[in-house]
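Student: Working from the sequences, and respecting the hints, build out all of it.
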Amino acid sequence: MLGFLKEPVVVTAKINVNLVALTVMGLISRLWGLCYPRAVVFDEVYYGQFVSLYMKRIFFVDDSGPPFGHMLLALGGYLGGFDGNFLWNRIGAEYSMNVPVWSLRLLPALAGALCVPLAYQILVELHFSHCAALGAALLILLENSLITQSRFMLLESVLIFFILLAVLSYLKFYNLQKHSAFSGSWWFWLLLTGVACSCAVGVKYMGLFTYVLLLAIAGLHFWHMIGDQSLSNVSLLWHFLARGLALIIIPMGMYLAFFYVHLALLYRSGPHDQIMTSAFQASLEGGLARITQGQPLEVAYGSQITLRNVLGKPMQCWLHSHTNTYPIRYENGRGSSHQQQVTCYPFKDVNNWWIVKDPGMQQLVVSNPPRPVRHGHIVQLVHGITTRYLNTHDVAAPLSPHSQEVSCYIDYNISMPAQNLWRVEIVNRESDTDVWKTILSEVRFVHVNTSAVLKASLSGASLPEWGYRQLEVVGEKLSKGYHQSMVWNVEEHRYGKSQEQKEREVELHSPTQVDISKNLSFMAKFTELQWKILTLKNEDTEHKYSSSALDWFTMDTNIAYWLHPTSGAQIHLLGNVATWASANAAVLVYLCLSLWYLLRRRRRIYDIPEDAWQLWVSAGGVCGGGWAVNYLPFFLMEKTLFLYHYLPALTFQILLIPVVLQHLNDHLCRSVLLKSMFSALIVAWFSSVYFVYCTFSPVTYGQPALSLTELKALRWKDTWNILMRKQ
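One point on numbering: in our numbering, the residue at position 109 of the sequence shown is 109, and numbering is uninterrupted.
Note that these hints are calculated values from the structure, not bench results. In this text, a Cβ means the ideal position worked out from N, Cα and C, and glycines have one as well. Be a bit skeptical, because a hint or two may be false.
Between beta-carbon pairs, the in silico distance windows are [what the hints assert, rightly or not]:
1. Pro417 with Thr387: 14 to 24 Å
2. Thr554 with Lys639: 42 to 52 Å
3. Leu636 with Leu256: 40 to 50 Å
4. Asp551 with Asn233: 46 to 56 Å
Tutor: Dropping the structure here:
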C-alpha cells in the first residue's frame, strides 16, 4: 500500500526564462528607490486626500471615477499602518514619519512592473514570434513615461495593468476555443476577462474604452461562430450565455460590489456629504444623522419641518423667512408687494422652521393620533417664528421678473387677499395615496390659485443687501417644465405640541425624541452616488501643464512632477522620444499597408498568404484598435487634459511596433541580404531607444541631480518645460 514511497516524488515544470527575466527586470525598474523622493509628487496631493479619508472612514465623492482605484491605494496605506493623519495641501511637502511612503506607492509600482511580462504574453497569444514579444516587453520596460507614472501613488499604471490583463485573458480564451471549449482553463480565462474589465472600469472610466473594444471583438468572433455549421443551435446558445455571463453580468456585479465596499467603509459624515440628499446624509454616522436621529417618519398636520431644496445648486439651502419685508420699490423701479421676505438660506437656522397646517382647522399642533399628509392634500405652510403663511401671487419676483414673488402674507387691508393654499405632490411616490415622509419623500408644492410651483431660483444671483445676500425663491409656472429646483424634502421634523407662540419658539429650538430609523437601501445610495459622480463636475480651469490630445501624439508637452527644494534634482513625466516616434511611425505604416492590401485584394491580388493577412488584421484590431479607442475620444472631451491620459493608448501603440517590424521582415524583406540589413537596423534602432532611456533616467527617477548645463541639454524640444534653478 505504501509502495509509492519507494520511489522519489518528482515534479517537472516548464519555465519560460524570458518571462521570468522580464518580470524581474520590470520589478527592478519600478521598485528601485521607491521611497525617493520622500515628498508629495504631483497628483499624490489629490489621491492622498482620499487615502486619508478611507483610513478615517469619512465619506467622500470623487467625480473623476469609480472608487476601486482609490480603494487599492488605500489598501497600500492600510497594509503600511497609515493612520490617515497627513495634510495633503502642497506638492513637494515632505512626508511625516507616520506616512508609509513605500507601502502607498507599492501597488502602482507592482502593476507597472507586471505590464512588462503581460506585453510579452499578449504578442505570443497573437501568434507572433518570441523575438517580437520580447521586443514589445523591452519597449514597455524602457518607456520613461510608464516608469515615472508607476512609481508614485497614481492610478494610470493600475489601469493599464488591468487593461492588458483583460486583453491577454481574452486572447488566451479565444485560442482555447477550437480545441478546449468549456474546459476549466477556457472558463478561467473567459471569467478573468470579465473580472479584469470590471477592475479596469472600476479604476477609471477610461477603462470603458478597452472594455467596449473587447466586447466588439467578442461579438465579431461570435458572429463568425454562428456561420460554423459544425456547431449546433444548443451549443451556440451555451456559448452566447457563457459570454454574456462572463463579459456583462459579472462585470456589472463587480462594479456594484466596488460601491458596496466603498459605502461600507465610508460610514462617517464628512465635508463631501453636503452635496448628497438629506436621506443619504442621514444614513451616515455623525453630521446630519446626529440632528435627524429620532425624528418622526410621517409628516402630519401640525408637524414642524425644515425644507431643503433637492437640487443643492449653487449651494444647498433651506426654505427660510424672517421679519424683513421686500422693499416697496426695487433699484430698477419695479414695485413689490412689500410683504415678508421668503428666501433659500444656505445655513441651518431657527427661521428655517415651518408648520404644516390643515386649512380647515386653526390648530398648529399634531393631533392624537396624528393625521398624516398624503400626496394631493392641500396644506398651508406657516412660518414657525413669525406665524405668517407662505404665499405667492401675481407680483414679479425681485430677481426673476418672469416668475411670481413668494412671500409670507401680511394683511395691509388693501385689495391683495391671501393666496396661501398649496397642494403637496410627492414626486417619487409609488402610489397616489403615499404618505409624505421625512427625508425620503421628494415633494413639490403647487400653488392652488395660480398653479405656480415653489422653486429655488436658478439665476444664481443672491438678493441685494436688503435680502441679506440670501438666495431667491419664486413661484414658477408648471408650463415651463420640471426641474429639480422645484423639489423639496423634509430634513428636520418634529411633531408640534405647543399651541402658544412663546412655547412654540422654545419647542423649535429643542431636539426631537421619537426614534424611527430611515436607513437607505444600498441600491438607493448607489444610484444617488453614481449620479453625483457622473453629473458633478468641478470647474475646469487651465492648468500650467494641461495639454491637448494633439500634443500627445508628437510629445510636445511634459509635466514637472517634483523639484528638489535646493538642488537641481527633478522628476518629469516625459516619454522616450525614440519609442514615441517609432510608435507613431508604426501606426502610419500599419494604416498605409492595410489600405494597400485592401485595394490589391479588391483586385484579386494577394500579396501575402491568407493566414498572414488574418494575423495582420487581428493584431491590428487589438493593438491598433486599442490605441484608437483610448486616444481618439479625447478629441471630443471638454475637460482639462494631461499627458498621462495618453498612456493607455501609448501602451497599445508600443505593442504595434513589433507587429509591424515582424511583418516587414517576414513579407517585404524577401532576400537574405535585405533581412540582414533590416536586422542590423533594428539593432541600431533599439540601441537608440536604450540610449534615450539612459539619457532621461535622471528626470525619470529624480536622481542623480543634474547641473544647469545638463538640464539644458535635456530640453530637446522648445515646448518642454525643464525647470532651471539659478545656481
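Student: For every hint, state whether the structure bears it out.
Tutor: Verification of the supplied hints:
Taking the beta carbon of each, proline 417 and threonine 387 are about 18 Å apart, inside 14 to 24 Å as hinted. For the hinted restraint 42 to 52 Å between threonine 554 and lysine 639, the CB-CB distance of approximately 21 Å leaves it violated. For leucine 636 and leucine 256, the hinted distance range of 40 to 50 Å is not satisfied, since their beta carbons lie about 28 Å from each other. Judged by the Cβ atoms, the range 46 to 56 Å given for aspartate 551 and asparagine 233 holds: they are separated by roughly 52 Å.
In summary, the numbered hints that this structure violates are 2 and 3.
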